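With chain A's structure known, arrange chain B on it following the hints.
Protein sequence lines correspond, in order, to chains A and B. Per this note's numbering: the first sequence = residues 1 to 360. Per this note's numbering: the second sequence = residues 1 to 360.
Derived from the structure by calculation, the hints contain no laboratory data. For clarity, every value in this text was computed on a predicted model and none was experimentally measured. Even glycine gets a Cβ: it sits at the ideal position worked out from N, Cα and C. It is possible that part of the hints are untrue.
[As the list claims (entries may be wrong)] Computed Cβ-Cβ distance ranges for the label pairs, DEER-style:
(1) Asp138/A / Lys255/B: 44 to 50 angstroms
(2) Asn359/B / Leu44/A: 25 to 31 angstroms
(3) Lys255/A / Asn233/B: 34 to 40 angstroms
[Unchecked claim] Calculated lysine-lysine pairs in the BS3-like style (CA-CA distance at most 30 angstroms, straight line):
(4) Lys110/A / Lys255/B
(5) Lys255/B / Lys210/A
(6) Lys269/B / Lys317/B
(7) Lys23/A / Lys255/B
(8) Lys23/B / Lys29/A
(9) Lys210/B / Lys43/A
Number of protein chains: 2
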Amino acid sequence: MKVFNFNAGPAMIPQAVMEKAQKEFCDYKGSGCGIMEHSHRHKLFDEILERAISNMREIMGIPDTHAVVFIQGGASMQFAMIPMNLAVAGKPMEFADTGTWSSKAIKEAKLFGDVKVIASSKEEKYTRIPAVDEMKIDEDAAFFHITSNNTIYGTQYQAFPNCPANVPMLADMSSDIMSRKLDVSKFGMIYGGAQKNLGPSGMAVVIIRKDLAERTPANVPTMLRYSTYIDNNSLFNTPPTFGIYIFGLITDWVKDMGGLEVLEGINNKKAETLYAAIDGSDGYYRNPVCPCSRSKMNVVFRLPSEELEAKFIEEAKAAGMIGLKGHRSVGGIRASIYNAMPLEGIERLVSFMQDFKKNN
Amino acid sequence: MKVFNFNAGPAMIPQAVMEKAQKEFCDYKGSGCGIMEHSHRHKLFDEILERAISNMREIMGIPDTHAVVFIQGGASMQFAMIPMNLAVAGKPMEFADTGTWSSKAIKEAKLFGDVKVIASSKEEKYTRIPAVDEMKIDEDAAFFHITSNNTIYGTQYQAFPNCPANVPMLADMSSDIMSRKLDVSKFGMIYGGAQKNLGPSGMAVVIIRKDLAERTPANVPTMLRYSTYIDNNSLFNTPPTFGIYIFGLITDWVKDMGGLEVLEGINNKKAETLYAAIDGSDGYYRNPVCPCSRSKMNVVFRLPSEELEAKFIEEAKAAGMIGLKGHRSVGGIRASIYNAMPLEGIERLVSFMQDFKKNN
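Here chain A stands alone, though its shape is the one from the complex (with noise of 0.2 angstroms):
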């Protein structure tokens, strides 16, 4: 039985995307070595990287304006790296607290100057993205920054707050990264760890307006600035290859099933599919997030008691459907449910939970 991983990542890779990487691992092109061992200035991984690159602009529609470049350690590296290239001094480094990632960058931006958190949806337990309306960002901030989707919490902006002209809004999409159009010129800077739409843990893809890359003091290390990554082609020291050949791949599964459009339509089927499950269910199963916010990548849901959420997860497991724990901080069920999930996969899920409710 093929199983089903709803991990919120690292997190399911498409299925063609792994038998190739399958196929190739020991002899990439003919060339008597996996690409994992090839050097990184060699021709055959400046070919994949620049793939990767141009294949990342088409999909998402990133302007010349914007470099794309891979940075090690993840998201949470770039909670420190934005205050320390980005900060302006005196002026207010402005955020959206809408959960524990957003958290986490404020916490890392207070290191290096003035934070204001302009809006919160902590007083509500994090059930909502606050209303744009809602975002009074200053004028004179030095950026204001946004977690477009929160995997803990099951939320996502449904649509961007306006900044004001001089003010880079940047985002943390994680967990949302090509997985729906945007406008990209409208973002500072959109980045992402890779390991939930973007292929492996151990990188984050970072999409950056070039001229903000000039803020950064003189006193910032070389592997913490972004001009490094943006003036060597992310090529300053060695990057994580095997990472970005497999990010190609991906980009290449996305162009080949028909781009963002397409892609975009399938998430949101499938998350209609597994939304109308839970509303379904005579409160069975009960999503705690306010309509309006309801993430379209992570869907959290709760059943009557722990206990059946235990049997549940157990249950499912033996289903063929693993990774559906919620987060250790929240408890409760939680279907990550990215690019690379299947239809197929809410299907199985849905149909499981009928069952189970049935049988419990």
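For chain B alone, coordinates are given in the frame of chain A:
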């Protein structure tokens, strides 16, 4: 024909490791998913992490005073983390400068305090390692830093200096870690980018005396603090799980080979064979390094002309040997012969060198 890969890094990975990883790429231990797709909190990954660390401890004889952690960003990120964490106000950070990588470490340290280069072979174009008794380390130094093997210049410490009791010795061992026996307890920290002896690119393995992590100032960001990795067993955020998995397989392989003692014997034999071929070529092949400092990991040599060098590289490729081009900053030939390179690869190279000399 089997291809031997003499790349300096990313480099050859033991054949047995590549084959095992390929076999279980899409279905790790019958779980229905690749290990790359599993959560870093999953029991299957826990086992990998624990086994990799305990293998490393056993192979290198790492005492309980030292932690083993995995940090993204390669050795280059360590060049920044070291002074950020281990500088001490009013005390000089001391370095031996033995080439490009030492110089890069020195450059980053200067951002964080006083740096003193107490030994250097720069004037001799880095063709030797300064003798141990040339290294006068101050008793009040914050630390003393060396680069144990220099990939570009083909030099390697044959013995390590004795640091004053209160001065921790830190060693960038990126290109010779786990290739020979040494007394880890003499070092405050040993680190290496994984992509030579330890696996794919995308992380550094850091062996650090735990008490040193207490030095870190409060304003250092979470992801750049050694304590974050030590206190969370490298699981504060999502680590590069696939890299750690390959690293774990490599440690299994080292143990299967008979441990470091056996491996060091093979490494010695490989280097001796290759240097003998150079030295016995009546000056056709020339190794520019002081015999007292010759590296057993990166063997560099020149031919009578650059034209012949280019021809050598091309013909070697046709004979199933790739990655022999010297670093772009110095030219010539470089054979990187890390743990994974079997003696068979050296024998093919030596036989090719003899034929090439005869014909050219």
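Right, here's what the structure says about each hint:
Against the hinted window of 44 to 50 angstroms, the Cβ-Cβ separation of Asp138/A and Lys255/B comes to about 59 angstroms, which falls outside the hint. Evaluation of the 25 to 31 angstroms hint for Asn359/B and Leu44/A yields a pass: the beta carbon distance comes to about 29 angstroms. At about 39 angstroms, the beta-carbon gap between Lys255/A and Asn233/B stays in the expected band of 34 to 40 angstroms. With a CA separation close to 46 angstroms, the supplied pair Lys110/A and Lys255/B exceeds the 30 angstroms bound.
Restraint check: the Cα-Cα separation between Lys255/B and Lys210/A comes to about 48 angstroms, which exceeds 30 angstroms; the hinted pair is violated. At most 30 angstroms may separate the alpha-carbon atoms for a hinted pair to count; Lys269/B and Lys317/B meet this at roughly 24 angstroms. Taken as a hint, the Lys23/A and Lys255/B pair is honoured in the structure, with Cα atoms around 28 angstroms apart against an allowance of 30 angstroms. Under the criterion of a C-alpha separation no larger than 30 angstroms, the hint pairing Lys23/B with Lys29/A is consistent with the structure, at around 18 angstroms.
For the given pair, Lys210/B sits about 42 angstroms from Lys43/A by alpha-carbon distance, which is inconsistent with the 30 angstroms threshold.
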